[in-house]
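Numbering of the sequence shown is given in this note's numbering, commencing with residue 345 and proceeding in unit increments.
A hint or two may mislead.
Cross-link-like lysine-lysine pairs, in silico, BS3-like; alpha carbons within 30 angstroms at most [claimed, not checked]:
| id | residue 1 | residue 2 |
| --- | --- | --- |
| 1 | K493 | K415 |
| 2 | K526 | K418 |
| 3 | K438 | K463 |
| 4 | K438 | K415 |
| 5 | K463 | K526 |
| 6 | K463 | K445 |
| 7 | K463 | K493 |
| 8 | K493 | K526 |
| 9 | K438 | K418 |
| 10 | K418 | K463 |
| 11 | K438 | K493 |
| 12 | K418 | K445 |
| 13 | K493 | K418 |
With beta-carbon atoms standing in for the labels, derived distance ranges [claimed, not checked]:
| id | residue 1 | residue 2 | range |
| --- | --- | --- | --- |
| 14 | P466 | T373 | 40 to 48 angstroms |
| 15 | G398 | P424 | 39 to 47 angstroms |
| 16 | A504 | P443 | 28 to 36 angstroms |
| 17 | S369 | E464 | 44 to 52 angstroms |
Hints in this document: simulated from the structure, not taken from any laboratory. Even for Gly, the Cβ is constructed at its ideal location relative to N, Cα and C.
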Amino acid sequence: EEVPLPDSYKDEDKEGYRVIINQLSMDGTPLGGLSPFVMSERSLLPFKVDGLVGILGLDFLSRFDVDLDFKSSKISLFQPGMLLRHNPSIKNGKQVDLPLKIGPNGVLMTEVSLFQNQKEGPMIPAIIDTGMSYSIMNWQAANLLGARKDGSGGVRPTGAMVTGVDGQPETVSEAPIGVRFKSSQGSLAPPLQVSQRVLCVGDIALFDDMGLGTSPVIALGMDVLSDSPWSNRLILSLALERIRIAMPA
Numbered sequence: 345e346e347v348p349l350p351d352s353y354k355d356e357d358k359e360g361y362r363v364i365i366n367q368l369s370m371d372g373t374p375l376g377g378l379s380p381f382v383m384s385e386r387s388l389l390p391f392k393v394d395g396l397v398g399i400l401g402l403d404f405l406s407r408f409d410v411d412l413d414f415k416s417s418k419i420s421l422f423q424p425g426m427l428l429r430h431n432p433s434i435k436n437g438k439q440v441d442l443p444l445k446i447g448p449n450g451v452l453m454t455e456v457s458l459f460q461n462q463k464e465g466p467m468i469p470a471i472i473d474t475g476m477s478y479s480i481m482n483w484q485a486a487n488l489l490g491a492r493k494d495g496s497g498g499v500r501p502t503g504a505m506v507t508g509v510d511g512q513p514e515t516v517s518e519a520p521i522g523v524r525f526k527s528s529q530g531s532l533a534p535p536l537q538v539s540q541r542v543l544c545v546g547d548i549a550l551f552d553d554m555g556l557g558t559s560p561v562i563a564l565g566m567d568v569l570s571d572s573p574w575s576n577r578l579i580l581s582l583a584l585e586r587i588r589i590a591m592p593a
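Build the full structure now, drawing on both the sequences and the hints.
Right, dumping it as structure tokens:
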């Protein structure tokens, strides 16, 4: 069945069509059908990944509770709503359950607060993006902690460039800022704190495309979500509208 790609994928080099797959299976277990778009390899990602044949999106992953175990380099799929019964965690570690929702353009979102030394900002929207190696916040989020383009708050340029909100290249800066996750269980669980580290700052097109560029926001990449790729676990449950982040003590 040939259908046009969504507008967000269109340009002169990105044309494709949709196919109907009646049944997917993993280790012999049937997982249902799927109707993915077929695109050229260069349209999937801006860089080459050996052996990549496709990307599984939320249309598939939302059918399950998904356990990303970075220590074991393993992904486990469970029946939706089974997260609490499965209770994935790290032995002698710490974990926090956060509210999870689908935001603009189908992205996963939660809320976090940022801190620098003894200064802590308010709760702000946070995009969950396991495809990003490094987290990045907009300048409005950094300004909440006094981190500004003039270099205050420990801001310094990185030399890296991204696509800005106006479509033009923008230099990415960095600042020593930490992330604090507030548990969805309220006062029953203490907040989980990711130690202060250097995070990227820039007004990137991603925020503007999602209608989030006019207020403080951060996109959380794997530097925060996995902390150290051999230790952390990330569990997503759209059925329970919850995300669990587990890390060593």
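Inset, instruction - Hint by hint, work out which the structure violates, then give me just those numbers in ascending order. - result: Violated hints: 1, 10, 11, 13 and 15; rest satisfied.
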